[in-house]
Every structure is written in structure tokens, then in C-alpha cells.
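Protein chains in written order, with my numbering: chain A, 21 to 135; chain B, 26 to 137.
Errors might be hidden in some of the hints.
As the list claims (entries may be wrong) - Okay, the calculated bits of chain A under chain B, using three or more residues with CB under 8 Å as the criterion: (1) 40-53; (2) 60-73.
Stated by the list, open to error - Straight-line distance between alpha carbons at most 20 Å, and here's what the computed EDC-like set of lysine to aspartate or glutamate pairs gives: (3) Lys-67(B) x Glu-79(A); (4) Lys-124(B) x Glu-107(A); (5) Lys-26(B) x Glu-79(A).
Simulated from the structure, these hints should not be mistaken for lab results. All values reported here derive from a predicted model rather than from experimental measurement. All residues carry an ideal CB built from backbone N, CA and C; glycine is no exception.
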Amino acid sequence: GAVVSQHPSRVICKSGTSVKIECRSLDFQATTMFWYRQFPKQSLMLMATSNEGSKATYEQGVEKDKFLINHASLTLSTLTVTSAHPEDSSFYICSASGSFNQPQHFGDGTRLSIL
Amino acid sequence: KQEVTQIPAALSVPEGENLVLNCSFTDSAIYNLQWFRQDPGKGLTSLLLIQSSQREQTSGRLNASLDKSSGRSTLYIAASQPGDSATYLCAGDSGGYNKLIFGAGTRLAVHP
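Okay, chain A solo, but in the shape it has when bound (with noise of 0.2 Å):
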């Protein structure tokens, strides 16, 4: 089956610090990748969709510039959560699909925790 790989899975780090997720899609190409953040005892909420080659489509109330998104091939997609602070603390999850309407893929997961 599709495999994703997220990495790393847990991150712990001072405020003010720049933090990078790669998401990698292992056995198949993925046209579109999705980020979504997930709150203690909530849902999954997507912060954006990115398209290979094209700028990422960020959701009402995500900072683009808070949140830089890169998928500059058809296996990866980074997430940098800029200049983190406590607040941005949270579990990260990406997704990945093969096209358009395909069922999306999801990695395992980053625990991030900003002191």
C-alpha cells in the first residue's frame, strides 16, 4: 500500500527557533500534499493544500508566512514553522495523494513542543 513517512516524529525546542517536517511519499508520486495541525483532544484542521511545482493554497486564518510550505518534487513536501513559540505547539500531520480524488495517505505524525 501507499506508504508516507513523516519526519521527525517528535521535536522539542526553544521559542524563537525555526522548525522543518518533511513529509515523503515512498511508493508513489504525489501530485498534492496536505498539512493539517491537530490540537490536544481535538479534530485535524488543514492549514494547506500544495500542489507539486505550485504555491501552497493555505486555509482562512493560517499565516503563510508563519507556515512556509515547499513541494518542490513529486516524493516531498516540507513544512517550516517559522520563529515557533508556545502557542504553535501541536501534532503536525501530512497527507499525500496521487491525484486529483484519490484517497490521501497520512504520515505518522510530528509532535512538536515549544518551550
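We have chain A; now place chain B onto it with these hints.
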């Protein structure tokens, strides 16, 4: 705008019971309805995907139905086991665009 609601928010049952988890959505122009399982601190495992032309899908002890006219989907778990304990999420897309809107989930605990 698609909104997804799940009831109940939490459920605790003894092993062996048959369970029904409910999901409702507001936009009937749904293309895919998907059920996921999430273990604590983990990512998502896709359980069942129902496309708009389908009414149900089955996998082992799991059966999911989709009724677009009433805006509802149900996940039926037969003969529940302690290993079924997890949070179950349903998600619907928005009118044919592969953008999933998730419900808040049902936290299931199955005790021996």
C-alpha cells in the same frame, strides 16, 4: 462549507458488544466519506472509504454506510475487542475537491 459532526464523543463498552458510531455532514455534495482510526499520539489509519456512488463498504468486522440525502454515515463495529480502543474519525470532502473536513472523533474504549 462542509461541517462534520460525530456522536457520541466518547464511548466505553465491554468486550463483545456491537457498536454504532455516527457521523453527520452538512453538504450533501460529498464525493468521498472516509473513516479513520487514530491511536493516541499517532497518525491516521484509513479504515473505509465510501465514494458518492456507493452506499456502504465492509472490511472484516467493520461496515460503514453513507446516506447522502440525510447527510449521515455510520460505522458499525461487530464483536468489539480491546484492540479496537482508539479514536475514530470520519471525514468528508467538499464537493468533489479532495479536501477533507474532519469530525471531532469518537473516543472508544473497549474493556475486557
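Hint check:
no.	hint	in the structure
1	40-53	violated (count 1)
2	60-73	holds (count 6)
3	Lys-67(B) x Glu-79(A)	violated (23 Å)
4	Lys-124(B) x Glu-107(A)	violated (25 Å)
5	Lys-26(B) x Glu-79(A)	holds (13 Å)
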